[in-house]
Amino acid sequence: MKFELPQIPEANHTPVVQGLLVLIEKLIEHTQKQQEEIDVLKDDIKVLKGEKKRPKFKASKLDKSTDKETQDTSEASHDDDKNKKPRKRNNKKSLTIHRDKRIKPDDIPEGSRFKGYQDFVVQELVIHNENIRYRLERWLTPDGKLLTGRLPPSLENRHYGSNLVTYLLYQHHHCQVTQPLLVEQLREWGIIISTGQIDKLLSEGKERFHEEKDALLETGLTYSSYITVDDSGARHKGKNGYVTHIGNEFFAWFSSTASKSRVNFLTLLNRQQGTYQLDENAVDYMKKNKLPGHILALLTSRTTMNFENKAAWLLHLETLNIKKARHQRIATEGALMSALLQNTSIEHLAIISDGAGQFNLLTHGLCWVHAERLIHTLLPMNEAHKEAVAGVREQIWRLYRQLKAYKQNPCAEDAVNLSKIFDNIFQQKTSYVTLNQSLKRLNKLKDKLLLVLKRPEIPIHTNGSEGDIRDYVKKRKVSGGTRSDLGQKCRDTFVSLKKTCRKLGLSFWEYLHDRHHEQKIPSLSNILKLRLSEVT
16 MKFELPQIPE ANHTPVVQGL LVLIEKLIEH TQKQQEEIDV LKDDIKVLKG EKKRPKFKAS
76 KLDKSTDKET QDTSEASHDD DKNKKPRKRN NKKSLTIHRD KRIKPDDIPE GSRFKGYQDF
136 VVQELVIHNE NIRYRLERWL TPDGKLLTGR LPPSLENRHY GSNLVTYLLY QHHHCQVTQP
196 LLVEQLREWG IIISTGQIDK LLSEGKERFH EEKDALLETG LTYSSYITVD DSGARHKGKN
256 GYVTHIGNEF FAWFSSTASK SRVNFLTLLN RQQGTYQLDE NAVDYMKKNK LPGHILALLT
316 SRTTMNFENK AAWLLHLETL NIKKARHQRI ATEGALMSAL LQNTSIEHLA IISDGAGQFN
376 LLTHGLCWVH AERLIHTLLP MNEAHKEAVA GVREQIWRLY RQLKAYKQNP CAEDAVNLSK
436 IFDNIFQQKT SYVTLNQSLK RLNKLKDKLL LVLKRPEIPI HTNGSEGDIR DYVKKRKVSG
496 GTRSDLGQKC RDTFVSLKKT CRKLGLSFWE YLHDRHHEQK IPSLSNILKL RLSEVT
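Using the numbering used here, the first residue of the sequence shown is number 16, and each one after it goes up by one.
Heads up, none of these hints are tricks.
Quick list of in silico lysine-lysine cross-link-like pairs, BS3-like style, CA-CA up to 25 Å:
#1 Lys252 <-> Lys221
#2 Lys504 <-> Lys254
#3 Lys302 <-> Lys461
#4 Lys305 <-> Lys325
#5 Lys492 <-> Lys215
#6 Lys435 <-> Lys455
#7 Lys48 <-> Lys401
#8 Lys513 <-> Lys535
#9 Lys254 <-> Lys492
#10 Lys252 <-> Lys325
#11 Lys215 <-> Lys490
#12 Lys444 <-> Lys41
#13 Lys459 <-> Lys303
#14 Lys221 <-> Lys504
#15 Lys254 <-> Lys215
#16 Lys489 <-> Lys254
#17 Lys303 <-> Lys338
#18 Lys490 <-> Lys275
#19 Lys221 <-> Lys489
#20 Lys455 <-> Lys401
#21 Lys489 <-> Lys252
#22 Lys459 <-> Lys305
#23 Lys518 <-> Lys544
#24 Lys215 <-> Lys504
#25 Lys422 <-> Lys461
#26 Lys504 <-> Lys252
#27 Lys459 <-> Lys422
#28 Lys492 <-> Lys61
#29 Lys459 <-> Lys41
#30 Lys461 <-> Lys435
#31 Lys504 <-> Lys518
#32 Lys325 <-> Lys275
#33 Lys41 <-> Lys455
#34 Lys513 <-> Lys492
#35 Lys435 <-> Lys422
#36 Lys221 <-> Lys544
#37 Lys518 <-> Lys489
Hints are computed from structural coordinates only; laboratory data are not their basis.
With these hints in hand, go ahead and build the complete structure from the sequences.
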């Protein structure tokens, strides 16, 4: 249902009229929210009936829209390309030929001369099971000892070969194939295996992969100039939880937890070491977040300033009789922040997020795509409001294009001009009161939105994190939530390794195969360190 208010001349905008307009806008917004809730309930009813839901609201196309300027400059060349047929890639010359099969013509007349070959290359995939019986020789020595041959280390006391394990990991974590389908597929190929054995092969004995995944975060935080972050839902043991993504264009790291608070994010940045520290950095953080002075005095009155784990820290707070949840939260955040700064060279790091409060740490930048959603999700009530929203969005798009150009060629003079353009956009007044409130809200975030003027190397959106976490969401929708702590850990680990391999230009299949055989590929953290060093 659309609501249209008549245009009121400026001369009639008395305080009473303006107040009534604000009340009407709020009433309409409340009604529209109720309608959205009703639509959601209708969708749920349709699902229960086996029907399809209505399509969801489309995401902002701000970032794609800003590419129009580049497209316009090369419009002539694009027109020429339309008439050309796409070139077919011919990589058959680089194929390795595993087997030659010669075919003679039928009924070759006597006296014919051989004139070489006409090659016809066929690519085939050979799939079959191969059962190997290892016959371990047993020898009895003169002194009575029984010597027995040893299995290859790659078998790890399993009755399934390393190629089969590699295939299972690749199919399950890369191709999103569920465990029941894997069991069915392998049995059709002649492999005798159970669902429980599949689960063990996918989750047990993966310590080296977990260690390699954890090393990615330490290297990424130490050598990166920025990270983008995001989170999403992740059910575990039948309860709602969250998965947090940390990464950039060279690596991706995921961790599932029961919370998405700032304490949780700081714990992840500390690589879950669980250390707490009270020093000047902690005191500064607590003061900035308005921890009462008498609580701060209690915390700094003791000589013990380092705590090895969460239990020791909570005992310290209990001893000081600090029981209020807000006071405990701020004190814990400060102690974790201090430990992070002490143990990691992270002062240089910029954190780019969608504006969620838990990520507001260190040098914090905001995503322009998420910021612009405050404008394009508004529901104008008349034509004047629609024109105001469209005009503001066009101005934001234009500024966004200029910021992208600035990243390519930073200039102090351009930075000053872009800052003024920002002020003109977000300090303007329109006839749409709700739009004005959104602009005012975004204007307060100027330093975070224009961080790129000081740090041109950082992105101005979190599209990378959104794309990375989409794979995790897809996995959640296909396979559901995790049921065991080990299963949750493996899901986090292998999605992190898979996305990082893709960003580093490595084949995930070759990586998994290498880790079960020669182990010639260097650790991903070493490759990541080299790439990041080249960038800086």
